[in-house]
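Asker: Each protein sequence line maps, in turn, to chains A and B.
For what it's worth, this note's numbering labels the leading residue of the first sequence as 1, then goes sequentially.
For what it's worth, this note's numbering labels the leading residue of the second sequence as 1, then goes sequentially.
Since the hints were made in silico from the structure, they are not lab data.
Keep in mind that the hints are not guaranteed to be accurate.
[Claimed, not checked] Distance windows between CB atoms, simulated:
(1) E72(B) - R262(A): 21 to 27 Å
(2) N36(B) - Q132(A): 20 to 26 Å
(3) E72(B) - L188(A): 49 to 55 Å
(4) E113(B) - R218(A): 55 to 61 Å
(5) T67(B) - A97(A): 44 to 50 Å
(6) I192(A) - S189(B): 40 to 46 Å
(7) V191(A) - S55(B): 55 to 61 Å
(8) Y169(B) - L6(A): 39 to 45 Å
Note that the structure is predicted; figures quoted are calculated from it, not measured.
Note that beta-carbon positions come from the ideal geometry of N, C-alpha and C, so glycine has one too.
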Amino acid sequence: MRFSYLLTFVALLVLSLISAAIGAATLDLGTLGSDPEALRLMLASRLPRTFAALLTGASMAVAGVIMQLLVRNRFVEPGTTGTTEAAMLGLLAVTLAAPAMPLILKMSVSALAALVGMGGFLILIRKLPPSQPLLVPLIGLIYSGIIGAGTTFIAYQWDMMQYLGVWMSGEFSGVLAGRYELLWLAGLMTVIAYIAADQFTIAGLGRNASISLGLKYRQVMALGLVTVSMVTALVVVTVGMVPFVGLVVPNIVARMMGDNLRASLPVVAGMGAGMVLACDVLGRLVRFPYEIPAGTIFGVFGAVVFLWLLLARPARA
Amino acid sequence: MIQIQNVSHVIGKSPILTGITTRIPRHGITALIGPNGAGKSTLLNLIARLTPLQSGQITVDDVDVSTAPTQELALKIAVVAQQLGVSSRLRVRDLVAFGRWPHHRGRPAQRDEDAVDQAIAAFDLQALQYRFLDELSGGQQQRAFVAMGVVQDTDWVLLDEPLNNLDMYHAKELTAGLHAMSRPGTERSRSIVMVVHEINYVAAWADHIVALKDGALVFSGPPDQVLTEPILSDLFGMPIRVVSIDGKPVILHHM
Chain A
1 MRFSYLLTFV
11 ALLVLSLISA
21 AIGAATLDLG
31 TLGSDPEALR
41 LMLASRLPRT
51 FAALLTGASM
61 AVAGVIMQLL
71 VRNRFVEPGT
81 TGTTEAAMLG
91 LLAVTLAAPA
101 MPLILKMSVS
111 ALAALVGMGG
121 FLILIRKLPP
131 SQPLLVPLIG
141 LIYSGIIGAG
151 TTFIAYQWDM
161 MQYLGVWMSG
171 EFSGVLAGRY
181 ELLWLAGLMT
191 VIAYIAADQF
201 TIAGLGRNAS
211 ISLGLKYRQV
221 MALGLVTVSM
231 VTALVVVTVG
241 MVPFVGLVVP
251 NIVARMMGDN
261 LRASLPVVAG
271 MGAGMVLACD
281 VLGRLVRFPY
291 EIPAGTIFGV
301 FGAVVFLWLL
311 LARPARA
Chain B
1 MIQIQNVSHV
11 IGKSPILTGI
21 TTRIPRHGIT
31 ALIGPNGAGK
41 STLLNLIARL
51 TPLQSGQITV
61 DDVDVSTAPT
71 QELALKIAVV
81 AQQLGVSSRL
91 RVRDLVAFGR
101 WPHHRGRPAQ
111 RDEDAVDQAI
121 AAFDLQALQY
131 RFLDELSGGQ
141 QQRAFVAMGV
151 VQDTDWVLLD
161 EPLNNLDMYH
171 AKELTAGLHA
181 MSRPGTERSR
191 SIVMVVHEIN
201 YVAAWADHIV
211 ALKDGALVFS
221 GPPDQVLTEP
231 ILSDLFGMPI
241 RVVSIDGKPV
251 ILHHM
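Whenever a hint applies, use it, and build me the whole structure from the sequences.
Answerer: So, in structure tokens, the structure goes:
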């Protein structure tokens, strides 16, 4: 366990250094102390970008694992259950109705919509037989497809399609100091989730076991749902959705160290942060000096891993 | 003592329990018996507050289960429900340790670790304690969940079909273990209430029997009064022979 923590930490440190050093403008890490221009670039662009990628990855991976424990199904994440689409629908509605509203309020509306969207999903899957775990993600994909189609229709009618594109594909090239700080709120939600790690693990054992242990099951469910919808909305509003992070990372970590969040949550957060940052760095390098969005790269990579997870152990959902 | 006063329960329009009034004595093993669909699990879940009470009243040692705070009840009643597919990937030891959670709420002390060690030894789980639950057989999982219930260290332990999936050896060991920890006068004497189908385990180990049929109480009392040919034949709707071996009733229902 100590080893996993150490490995995660070292990998994050190395990736962050690489991320800080790479970009369209040349920057020598050695001249930071003497060159005020280099320092300005570092503080205004490179560091915010690195932090944004780390925070996005960590919080989305944590949102994914919380959702999986609450739904008791390994194949769900905000992006495959309608939560992201609902967040985008909310954001679209508030952008149309009150374009001048401050970002934090728009984010709140979006989070509220995400919460409603996730609630709808939970009601839908209540009737599904527990013996068919793969039905849950399938219903989720259809449900999110329907909400997504509605959102696209509205965006098309009101000429907002390019906004939708920005929200849907996680991208860090536009991140500057002053334009990503909301993401620290997502980081804060991750810390709160860690404090409640035991409660989430027990909730993952189901309602009966939770009540038997004197857990306030509904409160834990509510905390989890609020965490997931807040993180989703924050990410959509600031950098755009990075698909599959919440699915792939928790599954890999669960295979290695199981579902006891008190032990595994730091690794989930660290691996999510590292993978998203790595995809962002890769996106900067592939067609240097042009960029490919990190969300696109993770989408390709994540789809492959998702397929592998589905095929590799169908029985253990 | 558990007091059940005029408890009825409906799911949709079908009545599951009708006007149950009975008492379950402190100490010893109480077995809930009856055919499928008799309402045994529902009654157990009502006592354990897993299902909200619709009408009537249930008190456990004079604490009303429908109004007492759930954290308080977790220190009084442990319940091992039927395990329908384990979705969590926890190590056996971590699962059993969560049984101590009502006591430490996230900050385990040495005495919690000791209790976990004892329970793991008592239920023959040493060799499995660092394995993941989802890699174990149904019977092994079942023993881990029972250990989790026992480690909660409550006066009352409620179990829904704890012998499910167990082989003969482990079924006997588990029942004997529960029997030993329910003797009055021992250091930590618990009261066990369990739903059991294996009627000969009831005959050999139970101290008190509550028999249900079609949601109604048929009989409650000590085994030698309940385990008779007329009562059992009527309860299960089939001719049943009861013989005596070494002074204990043995129920011949399978031939």
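Asker: Hint by hint, note whether the structure agrees.
Answerer: Status of each hint after checking the structure:
1. E72(B) - R262(A): 21 to 27 Å: This hint holds: roughly 24 Å between Cβ atoms.
2. N36(B) - Q132(A): 20 to 26 Å: Once the Cβ atoms are compared, 24 Å apart, the range 20 to 26 Å for Q132(A) and N36(B) holds.
3. E72(B) - L188(A): 49 to 55 Å: violated, 32 Å
4. E113(B) - R218(A): 55 to 61 Å: Hint violated: Cβ distance 31 Å, outside 55 to 61 Å.
5. T67(B) - A97(A): 44 to 50 Å: Given range 44 to 50 Å: holds, Cβ gap about 46 Å.
6. I192(A) - S189(B): 40 to 46 Å: holds, 42 Å
7. V191(A) - S55(B): 55 to 61 Å: violated, 45 Å
8. Y169(B) - L6(A): 39 to 45 Å: holds, 44 Å
Of the numbered hints given earlier, the model fails hints 3, 4, 7; all others are met.
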